[in-house]
Amino acid sequence: MDAKVEKALDTALANWAAMAKSSHEEAEAAADGFEASFYAFIDAVREWVDRLKPRPQTLEQLLALPEVAEIVDRLPAPLVLNFETEAELILEHVVRDEEDKYD
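The opening residue of the sequence shown carries number 1 in this note's numbering; numbering runs sequentially from there.
Please keep in mind that the hints were generated in silico from the structure rather than gathered at the bench. A hint or two may mislead.
[Unchecked claim] Below, computed lysine-lysine pairings styled on BS3-like, alpha-carbon distance capped at 30 Å: (1) K7 to K53; (2) K4 to K21; (3) K53 to K4; (4) K7 to K21.
[What the hints assert, rightly or not] Derived Cβ-Cβ restraints for the label pairs, each shown as a range: (5) S22 to R55: 34 to 40 Å; (6) D10 to E88: 21 to 27 Å; (7) A31 to L65: 25 to 31 Å; (8) L65 to S23: 36 to 42 Å; (9) A64 to E26: 37 to 43 Å; (10) K53 to A18: 33 to 39 Å; (11) M1 to E35: 20 to 26 Å; (12) E28 to D97: 21 to 27 Å; (13) A31 to L63: 25 to 31 Å.
Cβ coordinates follow ideal geometry from the N, Cα and C atoms, glycine included.
Assemble the whole structure, with the sequences as input and the hints as a guide.
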């Protein structure tokens, strides 16, 4: 797996775990931290996918890559659909506006 993607994934997963353990008072800050790290992870995946030769053209082709299968295996079940949605946008060359990332 690309080192930058792996580091970003590790950070997002750590923030996911912290969010799950956060108290009611810490919940909003923990959720914000997770969201920011998740989209930093997505940005790292985008950069990596854009460097692939040949670049996958479909979600099925992307998900079939061993590195992506490893990512999906490491993601908690509630995040898999979010990842697949973002992966489709990456393949379509769509970059979300900052304000749209968190909606």
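Quiz item: D10 and E88, beta-carbon distance inside 21 to 27 Å?
Solution: holds, 24 Å
Quiz prompt | Status of the given 25 to 31 Å range, CB of L63 versus CB of A31 | solution = Roughly 27 Å apart at Cβ, these two residues keep to the hinted range, so it holds.
Quiz item: Can the suggested window of 36 to 42 Å be confirmed for the beta-carbon pair L65 and S23?
Solution: holds, 39 Å
Quiz prompt | Consistency of beta-carbon spacing, A18 to K53, with hint 33 to 39 Å | solution = holds, 37 Å
Quiz item: Quick one, are K7 and K53 close enough, alpha carbons at most 30 Å?
Solution: Between K7 and K53 the Cα gap is close to 22 Å, so the pair holds against 30 Å.
Self-check item: CB-CB spacing for E35 and M1 relative to the 20 to 26 Å hint
Solution: For E35 against M1, whose Cβ atoms are near 22 Å apart, the range 20 to 26 Å holds.
Exercise. Could you tell me whether the CB distance from A31 to L65 stays inside 25 to 31 Å?
Key: Given range 25 to 31 Å: holds, Cβ gap about 30 Å.
Quiz item: Between A64 and E26, does the beta-carbon spacing fit 37 to 43 Å?
Solution: holds, 39 Å
Quiz item: Taking the beta carbons of E28 and D97, is their distance inside 21 to 27 Å?
Solution: At roughly 22 Å between Cβ atoms, D97 and E28 fall inside 21 to 27 Å, so the hint holds.
Quiz prompt | Hint check for R55 and S22 - Cβ pair distance inside 34 to 40 Å | solution = holds, 38 Å
Quiz item: Straight-line Cα separation of K4 and K21 no greater than 30 Å?
Solution: Judged against 30 Å, a Cα distance of about 26 Å means the pair holds.
Quiz item: Taken at face value, is the distance from the CA of K4 to the CA of K53 at most 30 Å?
Solution: holds, 18 Å
The structure fails none of the hints (numbered hints given earlier).
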